[in-house]
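Trainee: Sequence:
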Amino acid sequence: MLHDTKPWYKQFWPWLLLAFPVVSFIKGGHTIYIMQQSNPDLVVDDYYKEGRAINMNLAKYREAELRNLHASTLIAANQVIVRFEQNKTLGEHLTLEFFHNTIAAKDFVIKAERSGENLYVATLPSLLEGKWNLVVSDERKDWKLRATAMLPQMEEFKLGY
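Note that the working numbering has the sequence shown beginning at 309, numbered continuously upward.
Worth flagging that the hints you see were computed from the coordinates, not collected in a lab. Some clues are possibly wrong.
Said to hold, decoys possible - Derived DEER-like restraints, expressed as beta-carbon distance ranges:
{"hint": "1", "residue 1": "H401", "residue 2": "S380", "range": "46 to 54 Å"}
{"hint": "2", "residue 1": "I389", "residue 2": "G336", "range": "50 to 58 Å"}
{"hint": "3", "residue 1": "P329", "residue 2": "A412", "range": "32 to 40 Å"}
Said to hold, decoys possible - Pairs of lysine-lysine residues, derived as DSSO-like cross-links and limited to a Cα-Cα distance of at most 27 Å, are as follows:
{"hint": "4", "residue 1": "K466", "residue 2": "K368"}
{"hint": "5", "residue 1": "K419", "residue 2": "K449"}
{"hint": "6", "residue 1": "K414", "residue 2": "K466"}
{"hint": "7", "residue 1": "K449", "residue 2": "K439"}
{"hint": "8", "residue 1": "K439", "residue 2": "K466"}
{"hint": "9", "residue 1": "K368", "residue 2": "K449"}
{"hint": "10", "residue 1": "K439", "residue 2": "K419"}
{"hint": "11", "residue 1": "K368", "residue 2": "K419"}
Quick caveat, the model's predicted, so the values are computed rather than measured. The beta-carbon is built from N, C-alpha and C at its ideal position, and this holds for glycine as well.
Throw the hints in and build the complete structure from the sequences for me.
Mentor: See the structure below:
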């Protein structure tokens, strides 16, 4: 019986069996590289501290409800217009905090100035696109109103508690 035996490195099966661990090792290294390059903005280090802060924030929304504050917002081009339904004594400035839904590096805060009895106007640093959370508060941060909007949006949206 004649057998033509090739050395192991000239056969197909050893290379196929070696390919799986080699590819897995390369993909694992690539995953570790990606993990090192990007920061997960959605991860919170201190959950207890965050939980207490949430309770403090809820008190500020309740304060807005007790004051019966109702407002709507229009974002047109690079202008933000906040309109209150009733003429309340709110001060000369409001704080507008914009939070991007997933990328914390895009978050920013601007001041809106009174422009008439019920209107406050502010200028945006750039055009906004995507899903944003808006928090409006007075200068002393006694109360807060909030809304979530998909921008750009051509119509007014309500701010709530």
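Trainee: Determine for every hint whether it applies to the structure shown.
Mentor: Each hint tested on the structure:
At roughly 19 Å, the beta carbons of H401 and S380 sit outside the given window of 46 to 54 Å. A C-beta distance of roughly 52 Å is found between I389 and G336, which places it inside the suggested range of 50 to 58 Å. With their beta carbons about 38 Å apart, P329 and A412 fall inside the hinted range of 32 to 40 Å. Of the pairs offered as hints, the one joining K466 and K368 holds, with about 17 Å between alpha carbons and a cut-off of 27 Å not exceeded.
Between K419 and K449 the CA atoms are separated by roughly 13 Å; this keeps the pair inside 27 Å, and the hint holds. As the CA atoms of K414 and K466 are separated by approximately 23 Å, the hinted pair is consistent with the 27 Å bound. For the hint pairing K449 with K439, the CA-to-CA distance comes to about 24 Å; that is within 27 Å, so the pair holds. This hinted pair checks out: K439 and K466 have alpha carbons roughly 15 Å apart, not beyond 27 Å.
For the suggested pair K368 and K449, the alpha carbons sit about 8 Å apart, so the restraint of at most 27 Å is met. This hinted pair checks out: K439 and K419 have alpha carbons roughly 21 Å apart, not beyond 27 Å. For the hint pairing K368 with K419, the CA-to-CA distance comes to about 19 Å; that is within 27 Å, so the pair holds.
Violated hints amount to a single one, hint 1; each of the other numbered hints is respected by the structure.
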